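Using my numbering, the first residue of the sequence shown is number -15, and each one after it goes up by one.
Possibly wrong hints are sitting among the right ones.
[To be verified] DSS-like, lysine-lysine: derived pairs with alpha carbons at most 25 Å apart:
| hint | residue 1 | residue 2 |
| --- | --- | --- |
| 1 | Lys82 | Lys105 |
| 2 | Lys78 | Lys97 |
| 3 | Lys125 | Lys218 |
| 4 | Lys82 | Lys97 |
| 5 | Lys218 | Lys62 |
| 6 | Lys218 | Lys78 |
| 7 | Lys123 | Lys97 |
For the record, the hints were derived by calculation from the structure and aren't laboratory data. Note that the structure is a prediction, hence the values are computed from the model and not measured.
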Amino acid sequence: MASKQTPLIICFWITFSFCVTEKVREKTARRRDTELTDKVIKHQMCVQGVPGVQGRDGNPGINGIPGTPGIPGRDGLKGEKGQCVTERFEDPWKPNFKQCAWNSLNYGIDLGKIAECTFTKQRSDSALRVLFSGSLRLKCKTACCQRWYFTFNGAECTGPLPIESIIYLDQGSPELNSTINIHRTSTVEGLCDGIQAGLVDVGIWVGTCADYPRGDASTGWNSVSRVIIEELPK
């Protein structure tokens, strides 16, 4: 009985050893296959492929839900008071002037109006420039003084002061020659403010100087005399 079991046992152990060896070989082969597969996958993962074609832009998204209104801000500091500027739209300034001229006035009065020139003033906020040019003379035996001046509608200028010229003569003593008779072209010129718009009678007058006696005056002898009037912007 024992002799019959011995071959069976030997056959079992041979078969068992073979099976165990085959399983070990299968596991080793599987492990090698797994390691090889992992190496291939890792190698493929490390190699960078060719870039693909760039995609197109997507459609615009829909507007989101409006946000909640913020808290109102506080009032700022009060600013400084500004300046009030008023624009004035006026017509462009146009020249406005006039000349009156006389040939050989030969006016020998010592007191009174010599000549007059009427002028049309366009604006009340402008100034008048006046000029008299002509021959003037004064003579006397003792010290004397005469004054030539402008008037506007019969009154002297007050804006700011009268427009005038004077001639003073002092013979010195009765023993000296008292027949000096020199005629010289002279001028009376100035600006006057505060004259209203409209017709203005501009006159040239002769009179006395304060605290001096009157002499023998002459205006416009043997020559042209003229008055020039010009309206100027202020």
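- Of the hints stated earlier, which fail here? 2, 3 and 5
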